[in-house]
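Protein chains in written order, with my numbering: chain A, 433 to 725; chain B, 533 to 827; chain C, 27 to 288.
Note that these hints are calculated values from the structure, not bench results. Some hints could be false.
[To be verified] Listed next, the in silico BS3-like pairs over lysine-lysine satisfying Cα-Cα at most 30 Å (straight line):
1) K803/B <-> K147/C
2) K678/B <-> K157/C
3) K704/B <-> K712/A
4) K704/B <-> K149/C
5) K117/C <-> K803/B
6) K92/C <-> K157/C
7) K92/C <-> K678/B
8) K198/C <-> K704/B
9) K92/C <-> K803/B
[Claimed, not checked] To list a few chain B residues with every Cβ distance to chain C over 10 Å, as calculated:
10) A645
11) L648
12) I663
13) E690
14) Q732
15) P770
16) E771
17) V782
Here the structure is a predicted model, which means the values were calculated and not measured. Don't be surprised by glycine CBs; every beta carbon is placed ideally from N, CA and C.
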Amino acid sequence: MSAFLQQVVNGLSIGSVYALMAVGYSLVYSIMNFSNFAHGGVIMIGAYIGYFCLTFLKVPFFAAFILSALGSGLLAVTMERIVYRPLRKRNAPFLYFIISAMGASIFLENLVIASPIGPTFRSYPPIFSTEPIMLGNIALGRIDLLMFIISALSLMALVYIIEKTKIGLSIRATSYSIKGSTLMGVNVDVVIFIIFALGGLLAGLAGMFFGMKYTVYPQIGNITTKSFVAAVFGGLGSLPGAVIGSVLLGLIETMTSGILSSQYRDLIVFVLLIGVLVFKPTGLMGKSTEDKA
Amino acid sequence: MSWDYVSGILILSGINLMTVLGLSLLTGFTGMFSFGHAGFMAIGAYAAATMTMKFGMPFFAALLIGGIASMIVSLLIGKLTLNLKGDYFCIATLGFGEATRLILDNVQYFGGARGLSSIPTVGTTTLPNVIIINIVAVFVLVCIIKSRHGRNMVAIREEELAAQTIGIDVFKYKMIALAISALYAGISGGMMAHYLGYIQPVMFKLVKSTELTIIVIFGGLGSVSGSVIGTILLTFLPEILRSFYNWRLVIYGAAVILIMITRPQGLMGGKEISLKPVIRFIKGRTDKAKEEVKS
Amino acid sequence: MSVLSLKNVTKRFGGLTAVDNVSFDIEQGEIFGLIGPNGAGKTTIFNLITSIYSITEGQVYFCDQKLERLKPFEIANMGITRTFQNIRLFKKLTAYDNVLTACHKSADYSIFSSIIRWFGKFKIQEKNLNKKTDELLKLMGLWEYRDIVASNLPYGLQRKLEIARALALDPKLLLLDEPAAGMNPEETMQLMELIREIREKFDLTVLIIEHHMDLIMGVCDRIFVLNFGIPLALGTPKEIQEDKKVIEAYLGKEEKNYAECQ
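Based on the provided sequences and hints, a complete structural model is requested.
This is the structure in structure tokens:
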């Protein structure tokens, strides 16, 4: 029983970080209807900013957090400006967005490799003692605990922004209909700026968590594939769906590693992905659409 | 540059071209996006290599088996996922590609993560063979495109709903396009296995699928000659830039974005290079000559 | 014999009833008008007939055959083709290729036969398809525009091209969704002539949605009026023009509105 609970705890912690990535991805999908494959690059940059802040600038831990979030946010917004806006203005079909996103992700990843930073794996300096906090028989890793708490708080902040503020209302309106909300006086450029900024901030946090938990390397962004899967589980474009899907994914992963073997972890995830797409393509909470003639 | 070096790159171009041709039919002509064609290549590569290594089958027969194996899998995948729209189909193919690689990672019969090695390379994927296979592939592709079947696929790309209302079985034609593209990718994988002499699951990652799709777009959606030129350029370019090894992918990524923003129609923009003007030119010359002789 | 009959057809989207208990029969060779204010559910009826939407309740019969669980392409193959209100041509193809594509049902050669194109039926059948395309383009007055990409054609010609494409399948029933939208009065008159002409030539039955009253009253044998999804009236153009309920639906109840303003 305690072994099971232990897996649940681990699953929740990793799932909450997946959620940080998946909501950013889902936000973009809900409004622009395309898979932002460049999200991984943003996460990677966040992880590096955190690493350099802590190792070389020796800034306090929480300041590093804020800096990496801001850095990633800035990158996401810049990318929207340079890569997606020209396509948006031209009403390009969604596949051009996807390909541009792929190009951006190749660009960022290899820019880091080619730069003096290079392809090496780097570990964060030890911030917390690795000794877990014991809760009965269950061991809570300090980093895991922090991951869970900060992710939960950030997600709550996001929900607050979307549900309670004026800009949140614009975001929700735009996700129903870009045309309609433009007619109602919503500035779509601003809305898209905001969603990329929000997604970028959260991606920076996620990047730093992954750096702390594992190591930093240029391909760390590939982990976003997991957030796409999580978003599909929950239903593309739905924020609660992205969170639930992420937690579910975290749980499934830790359970497979615990019960079978970590070798099968990714395999099970992708097989499940295909399963979900076949049997319930709109996911748990996705919106279904009937084609209009 | 020695001839061996150049012919090596030409063979690599030919191997890539084979998959790109199939993808061109799927993406450029039928309008569907795949991020899983590395998976179809993997199936072809493993099936063909197993046939020659373990069953001593001749090269061409093994290639065909590789292609057919990957086509059969594509029919299965298509049956399950072709009803999905846009991004969902894309993500499904991504899932398929990754799942294929991870399954191969775990199957000991195929050598697990270490893959298969000492696949016969002598007299198999040679330059003449690659050229012959590609010429046949281009010919078959052009014939399909220039028939009612090809026109139906283009109709689906242009306006799926209207295609249905003029009696096109959209699902069936999507299936055909997917199956042919998988057949091509499978044969391409088989050629790759017999060129390198070894294969590993890690060669067939998502990045490979992306690269293939990017080539199709670079060449121009809906243009076979664009695919051919695009493949040769994009296979040679990185090799020539090898001295800037680290920077070439940075340039590559930036170039992709630049193309999407400034020239989204790709190199050829849906047009074809055809021999007709050349023929007309020569004919014109001879006609003129005849007239001159007459006068 | 009735070519198309709707029996108590209802369509609901969630809580909204877009088409409520609609029934009518269209006779062989008839030009049948379907009119009503915006949002009356006219296009929804087209989408129900062509199986783009599924019917919530009721049945549709085509030549006494029940249309049930068919895909849109099967409907087209049975002999019902249509045009769209917001033109859906194959935009990047030429006018010629738009029609040629739609002719595909007049050939049955296989993929294999298109690869060995010098042998077998490929060549003859392709020639026939091209001939058919030529004829249709000439008939619709589009011959001189055949090499122009569809999206570059003027609006009126795009509508005509859509009709040509629909005719390429040799339909028995043609559904036209606002064919005169965006046309000037002169073009509209020509279109009226054209619709009559193709009915004779192809032995067609036509169901037509249109806001242009001159066209509807001039060309239709009978008219069905729909308001907010509810059937309002059915009759000859003359009867419809004199129907009080129809006038009310279009112009509103004058006294009542006035009273409300007070």
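We went through each hint and held it up to the structure:
Of the pairs offered as hints, the one joining K803/B and K147/C holds, with about 28 Å between alpha carbons and a cut-off of 30 Å not exceeded. Distance check on the hinted pair: K678/B and K157/C sit about 17 Å apart at the alpha-carbon level, within 30 Å; holds. A hinted pair counts as satisfied when its Cα atoms are at most 30 Å apart, and K704/B with K712/A qualifies at roughly 22 Å. For the hint linking K704/B to K149/C, the alpha-carbon distance of about 24 Å falls within 30 Å, and the restraint holds.
At most 30 Å may separate the alpha-carbon atoms for a hinted pair to count; K117/C and K803/B meet this at roughly 15 Å. Only pairs whose Cα atoms come within 30 Å are accepted, and K92/C paired with K157/C is rejected, the gap being roughly 34 Å. With a C-alpha separation of about 37 Å, the suggested pairing of K92/C with K678/B is violated against the 30 Å cut-off. Between K198/C and K704/B the CA atoms are separated by roughly 25 Å; this keeps the pair inside 30 Å, and the hint holds.
Distance hint between K92/C and K803/B is unfulfilled; the C-alpha atoms sit about 45 Å from each other, more than 30 Å. For A645/B, the requirement that its beta carbon stay farther than 10 Å from each beta carbon of chain C is met, with the minimum near 39 Å. Every CB of chain C lies more than 10 Å from the CB of L648/B, the least distance being 33 Å, so the non-interface label holds. The beta carbon of I663/B sits about 19 Å from the closest Cβ of chain C, which is more than 10 Å, so the claim that it is off the interface holds.
The Cβ of E690/B does not lie farther than 10 Å from every Cβ of chain C; its closest approach is about 4 Å, which violates its non-interface assignment. Consistency note on Q732/B: stated as away from chain C, and its beta-carbon is indeed over 10 Å from all of that chain's, at 35 Å minimum. In this structure P770/B is separated from chain C by more than 10 Å, as the shortest Cβ-Cβ distance comes to about 32 Å. At roughly 34 Å, the least C-beta separation between E771/B and chain C is larger than 10 Å, which holds for a residue marked as non-interface.
At roughly 34 Å from the closest C-beta of chain C, the C-beta of V782/B stays outside 10 Å, upholding its exclusion from the interface.
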